[in-house]
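Protein chains in written order, with UniProt numbering: chain A, 1 to 446; chain B, 1 to 66.
Note that these hints are calculated values from the structure, not bench results. Only a predicted model underlies this, so the values are computations on that prediction, with no experimental measurement involved. The beta-carbon is built from N, C-alpha and C at its ideal position, and this holds for glycine as well. Any given hint could turn out to be false.
One side of the interface only, derived from the structure: several residues of chain A facing chain B at Cβ under 7 Å [stated by the list, open to error]:
no.	residue
1	V37
2	K253
3	F256
4	V259
5	T267
6	I339
7	T340
8	V366
9	T367
10	P411
11	I414
12	F418
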Amino acid sequence: MNHPAPPTKLFREEAKTGAIECPACGAPITLRGFGGVEQVACAYCGTVCKPEDDGNLDVVQQAQRQHRTSMLPLHKRGTLPARLSEHGGGQTWEILGIMWREVVSDGVTYPWQEFLLFNPYQGYRWLIYQMSDGVWGLGGPLLGAPELLPGGTPTATWRGETYKHFTTGNARVTYVEGEFPWQVLVNDVAQANDYVCPPNMLSIEVQHGEDGVDVNFTSMQPIEPQEVWTAFGMAGPAPDKRGIHPAEINPYKSKFYFVAAILLFVTWIGALIFYSSARTNAVVYTGSITPGEVLTEQLEIGDADRKTTLEFELVAQGMNNSWAYAEVMLVDMTSEEAITVGLETDAWSGVDQGESWSEGTNPRRVTVGGVDGGSYLLQVQTQLDSSGDPADALKFTIRQDVPLGRYMFLPFFIIVLFPALNLARKLGFETKRWANSDHATSSWES
Amino acid sequence: MLMKASYVLLSVTSLGLLMFEAPRGALLTTTPERGKVQRDTQEAGSGNATIRRPHYIFLGGYHGGK
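Bound-form chain A, shown alone (with noise of 0.2 Å):
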């Protein structure tokens, strides 16, 4: 009887990373992407080959290339943060290829820098470093496809989400680096266009190939450039961010300041008729003084052991290119101390060059505050300007309690000042996020 041979061993070699040489340069080469690498482009020198079932390497395009250095090298291996886990969030993912992009939008060119990154459980995804700014994004396959909607500014709905159209552009292939899952040559061109619902952006790769068009969906977030460069344990300070990310969300927006404004608007409102209801805005003395003469009179102001307001008031009457002053004192009769008060009123007029003119201020008004309640001693001496024509007479008012603008408008003021100048820089933030876009004054108003 015949027994099988006994295998020779009873477990199939452990998996390992192919080394091989470049077929172009000799530059070594590991494979590290597993049987899903379409092809590898020569970290050295630039040649494109394609791996073959029997480990050779066939090159697809030859270069010779100088080596660019990116700002993640090539196989680094890092820990994405686990708020992205829609993305690969607390994974570990290797870099597995580069590609360095380019659009050229009005003369002016936007390049950035393309990772590819590998999980052999995950599987892939993009980091993205936009040079122009120096802002991040994290994508990976959509896994459906979005309905576009065309119009004036088109959309796209993905889950339930409008997103408004950034940017189209032809993103043009300037360099490469590591393996790829599928085949990407310098110069390769796709239409790119993106779209935004922050803090998430679809982007719609078109590439019209011999075989047909190929169409990708990538699904894209914002990261922070501290955050890639901890995840990756890159030495030294992560590069300055100097732009704002298409998906960025706008740290202005916000429903705090129209809630909290509606209910301090009624608060104040509230305040306001309780305040001006209060307010007894008494006549504590009025009449007339002769201009020259010393007026005294006994006055009660307010209640004992309260502090009120006073306003003073003089009109002079009859005066034109002139002035009149009244020095007004209380005195406290008890303290002997007093309060004092320079009123001054005056009115100019004229004709200049045909045109007749009137300024000054008549009548004067000033208020005071912090008045103690009690029995006071006033005395007015008053000053009237000889020339032009002096003051017939000079009516002098006093009231207390009154009610004073300043304290009722402050609160409003300060109500409506916050709120708008978040609205300000809400709008700002807009502004330069829709600036780089094919909306730069149509969008912002989200």
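Given the coordinates of chain A, assemble chain B onto it according to the supplied hints.
For chain B alone, coordinates are given in the frame of chain A:
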């Protein structure tokens, strides 16, 4: 967060001023000059002014709290 806290704090403070300080009006009004006065003993020599009550001269300033 700081802006929001400042907003609430300043708004509530200004409303508090309106409710409780405005009747006194000590903060947001012109501060009158305060000081001691002295009776003017030379009333007769004050020109053609008519004096109906004791005439005081404002000494002004701070006099040691006395």
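Hints, one by one, checked against the model:
Given the 7 Å rule on beta carbons, the hint for V37(A) is violated: about 48 Å separates it from the nearest Cβ of chain B. With a cut of 7 Å, the hint placing K253(A) at the interface with chain B is violated, because the nearest CB-to-CB distance is about 13 Å. Hint status for F256(A) relative to chain B: holds, with the closest Cβ pair at about 6 Å, below 7 Å. Contact between V259(A) and chain B, as hinted, is not supported at the beta carbon level, the nearest pair being about 11 Å apart and thus beyond 7 Å.
For the restraint placing T267(A) at the interface with chain B, the shortest Cβ-Cβ distance is roughly 6 Å, inside the 7 Å limit, so the hint holds. Below 7 Å, beta-carbon pairs count as interface contacts, and I339(A) has one with chain B at about 4 Å; its hint therefore holds. Hint on T340(A) holds. Least Cβ distance to chain B is approximately 5 Å, under the 7 Å limit. Because the smallest distance between the Cβ of V366(A) and any Cβ of chain B comes to about 6 Å, under 7 Å, the interface hint for this residue holds.
Hint status for T367(A) relative to chain B: holds, with the closest Cβ pair at about 5 Å, below 7 Å. A distance limit of 7 Å between C-beta atoms decides the matter here; for P411(A) the minimum to chain B is near 4 Å, and the interface restraint holds. Of the supplied interface hints, the one on I414(A) holds, with its beta-carbon coming within about 5 Å of a beta-carbon of chain B, less than 7 Å. With its C-beta approaching chain B no nearer than about 4 Å, F418(A) sits inside the 7 Å limit, and its interface hint holds.
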